[in-house]
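To convert, take the position in the sequence shown, counting from 1, and add 746; that gives the working numbering.
Honestly, the hints are just simulated from the structure, not real lab data.
One thing to keep in mind: the hints can contain errors.
[As the list claims (entries may be wrong)] The list that follows gives simulated cross-link-like pairs (lysine-lysine, DSBU-like), each with its CA atoms no further than 30 Å apart:
#1 K848 - K790
#2 K848 - K883
#3 K858 - K898
#4 K898 - K814
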Amino acid sequence: MEPIEIHAKQTSNWGLLIGSLIFLFCSVYLYLNANQVNSPSMAKIISGILFVPSIILLVFSANKLRKKQLVLLIDKRGIVFHPSANLNYMEWKNIAEIEDLKLPRQRVINIKLVESDLFLQNESNTFLQARMRFWYKMYGAVVSFDANTLNKHHFEILNLFDDFMEDYKTSLTT
């Protein structure tokens with residue numbers, strides 16, 4: 747089977763871009779029409795307060811839209827969650843269980859590993875490592891993600907996991 751890349755949805759980034767453009771236009775409009783309000787100096791201060799964050803958010807959202815964020819890489823060797831310079835593979839032989847967790851308004855996919863501590867030590871991103879430790883304590887899964895944030899449907903991702911796991915098991919018997 748060919749490797750499959752699953753990227754993050756860009757919906758929230760588009761919302762951030764549109765929202766920052768609205769705040770940018772509001773701040774410019776308020777600055778240009780400051781003389782028409784009771785306190786022009788206060789209007790200019792408020793427009794400045796709106797302007798700076800809207801520019802920062804505009805640049806941030808434009809950068810996120812330009813590059814697609816790869817969240818999962820699935821191939822015959824295993825699964826890579828948030829691929830980085832050092833590919834932290836969860837090999838099929840080390841995956842104990844792939845669990846479907848239903849939370850209010852969310853469907854979370856948990857990946858439970860045989861050697862969870864080793865996988866946690868290999869993660870270089872400290873924020874991601876802390877998140878993984880939390881999920882491991884709560885649900886026993888090192889890796890978990892909300893399928894609503896990905897560009898593939900929840901059941902489609904689970905079917906891909908099942909297909910690749912079946913291929914792995916058949917390769918062991920042959």
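Outcome of the hint check:
1. K848 - K790: At roughly 48 Å apart (the allowed maximum being 30 Å), K790 and K848 break the hint.
2. K848 - K883: Holds, at about 18 Å.
3. K858 - K898: OK: K858 and K898 at ~21 Å, within 30 Å.
4. K898 - K814: The given pair, whose Cα atoms are some 14 Å apart, holds under the 30 Å limit.
Hint compliance for this structure: hint 1 is the single one not met.
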